[in-house]
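Asks: So the chains spell out like this:
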Amino acid sequence: MTGTADNNREGKPQRMPGAAMTEPELDAWFVREVLPLEASLMQFLSRNWQDKSEVEDFCQDVYVKVYETARNDPPKSVRPFVFAIARNLLIDRVRRAQIVPIETAVDLEAMNIAAEEPGAERSAIARDELRNVQTALDHLPRRCREAVMLRKVEGLSLREIAARMGISQNTVHAHLVEGSALLADILYGQKGETRRKA
Amino acid sequence: MTDLRHPNGNEVGKAAEIRNRAAMWIVKRRDHGNWSEADQAELDLWLAESVAHKLAYLRVEAAWQRADRLGALRRPRSLRTRFAPYLKFGGAGLAAATVVGVIYFALPTQNQPTEKRYVTGVGGRETLTLRDGSRVELNTNTILRIAGTGVGRTVWLDKGEAYFQIVHNEAHPFVVHSGNHWVTDLGTKFVVRRNEQTIRVALLEGKARFDMEDSHGSQEAVLNPGDVVVATAEALSVAEHPREALKNELGWRRGLLIFKHATLAEAAAEYNRYNLKKIVIADPRVAGLNINGSLPVNDLSAFTRSIRRFFDLHIEEGPDEIVIKR
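If you're matching them up, the sequences are chains D and B in order.
Going by this note's numbering, the first sequence opens with residue 2, and the numbers climb by one from there.
Going by this note's numbering, the second sequence opens with residue 52, and the numbers climb by one from there.
Be a bit skeptical, because a hint or two may be false.
[Unchecked claim] No more than 30 Å apart at the CA atoms, straight line, and that leaves these computed lysine-lysine pairs for BS3-like:
(1) B:Lys258 with B:Lys329
(2) B:Lys210 with B:Lys258
(3) B:Lys258 with B:Lys328
(4) D:Lys77 with B:Lys258
(5) B:Lys298 with B:Lys210
(6) B:Lys65 with D:Lys53
[To be verified] Chain D regions said to be covered by chain B (calculated; three or more residues, Cβ under 8 Å):
(7) 42 to 50
(8) 80 to 92
I should point out that these hints are in silico values taken from the structure, not numbers from a laboratory.
The structure displayed is predicted, hence computed values, not measured ones.
For every residue, glycine included, the Cβ atom is placed at its ideal position computed from N, Cα and C.
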């Protein structure tokens with residue numbers, strides 16, 4: 002009773018000529034086209050949802066819906082498609098919560114225009130990837146950053162990193178896990194603030 | 052998991068939890084160096100459990116791959132060389148440069164925002180047919196990226212080995228990048244293999260140009276059939292190999308390892324590229340034994356059966372390795 006009906010109301014993706022995407026194509030499409038929108042999407046969601054602790058889960062729901070809808074019906078224009086889904090999810094939640102904050106309604110209307118703008122995100126990625134990654138690295142906790150550097154810059158194995166840092170391999174593993182999760186938040190969400198740290 | 056509703060609001064922190072789990076899988080898979088089939092099966096199960104799992108995995112994996120870019124810091128390369136007059140290294144071992152006239156727009160390792168990425172696991176093999184009819188065959192444990200922009204005739208071999216049969220197009224040269232090296236087809240069949248330290252290019256038919264660039268400038272070589280280039284980050288050498296040997300090397304395209312007077316150590320190293328279970332030669336006297344023959348890449352027991360029979364060796368098979376001794 003939610004999602005699907007709402008999505009057909011507005012922002013229906015245009016069907017591309019040809020068949021639906023295969024799974025690997027869909028995965029590649031998601032990484033290439035959708036993930037770079039995360040920073041704007043998170044911003045949009047947190048502007049329109051009061052409980053900031055729910056925004057990250059919200060974003061995940063948007064991704065799932067985007068992925069599943071695109072599977073059968075690949076959109077021609079990704080940004081309006083993603084934001085239409087986000088908007089419909091928001092409307093749906095607001096309705097269910099039985100509260101309609103005025104500023105939410107206003108922003109949702111304004112969003113249609115914002116969604117038409119060509120995404121600046123992708124060109125930004127292309128511009129200087131190494132610098133982006135280095136900047137992201139600066140946001141990691143110190144020991145975590147050290148482990149990631151030894152792995153990614155020096156190409157050391159977990160065992161070598163453990164020896165170098167004087168910690169156990171399990172701790173190195175934990176640092177790398179934390180590092181990869183945080184890098185995803187920073188590289189795609191841009192600002193780490195809206196995210197809970199690992 | 053198509054239903055997005057969270058009936059009573061959200062399960063707070065669910066996304067973060069899934070993200071952390073995805074990160075755990077990625078580090079285990081990409082950084083531990085002991086990924087097994089059982090691990091893969093378990094991961095597949097987790098990924099199939101929900102689309103949210105899959106997407107979290109793709110997201111963290113993409114970020115972790117982007118961080119590979121940091122490898123560029125390992126050996127700082129001055130950008131000045133790009134503007135300095137290129138030094139040409141002629142002579143010893145290098146074929147004369149006869150055909151030049153290709154312009155490169157991108158740094159060899161530049162990431163394209165719309166590129167496609169193809170990956171094979173250990174023992175995997177895959178054939179890609181490109182829009183222009185060119186074919187690329189990926190061997191075991193290989194990562195190849197294809198530029199999504201333009202005519203898609205720029206690829207990056209990040210790891211492993213690939214065989215290229217390129218439909219020549221004067222206007223759009225086909226370029227294979229690997230590290231700070233690149234191969235430009237001039238109408239060819241060639242194979243590129245990337246190890247940790249070296250890039251090896253063997254030309255089977257046609258003509259290709261091999262280029263490399265490091266902090267000292269650039270070097271290039273034009274390859275003729277039978278030529279094999281082996282290049283490290285700093286140096287390059289070209290030698291002519293017998294055609295028959297090169298053809299045998301490509302046995303993997305038919306799923307075969309073809310050995311002609313190979314040592315047991317060489318054969319074991321080849322098998323180990325294709326199989327998670329590793330062959331370990333525990334006795335140096337055994338390592339130098341010579342073998343001939345063609346065997347399936349993934350059939351370790353065929354290999355162990357034959358050498359046991361021919362050389363009367365002792366073979367111990369454990370869950371992760373097969374140890375060969377006298």
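Asks: Hints first: check each against the structure and report whether it holds.
Replies: Hint by hint, here is what the structure shows:
1. B:Lys258 with B:Lys329: Roughly 37 Å separates the two Cα atoms, so the pair is violated.
2. B:Lys210 with B:Lys258: holds (23 Å)
3. B:Lys258 with B:Lys328: Measuring from Cα to Cα gives roughly 38 Å; hence the hint is violated.
4. D:Lys77 with B:Lys258: violated (40 Å)
5. B:Lys298 with B:Lys210: Distance of about 21 Å is within 30 Å: holds.
6. B:Lys65 with D:Lys53: holds (14 Å)
7. 42 to 50: That given contact is violated, which follows from only 0 residues of the stretch 42 to 50 of chain D lying within Cβ reach (below 8 Å) of chain B.
8. 80 to 92: violated (count 1)
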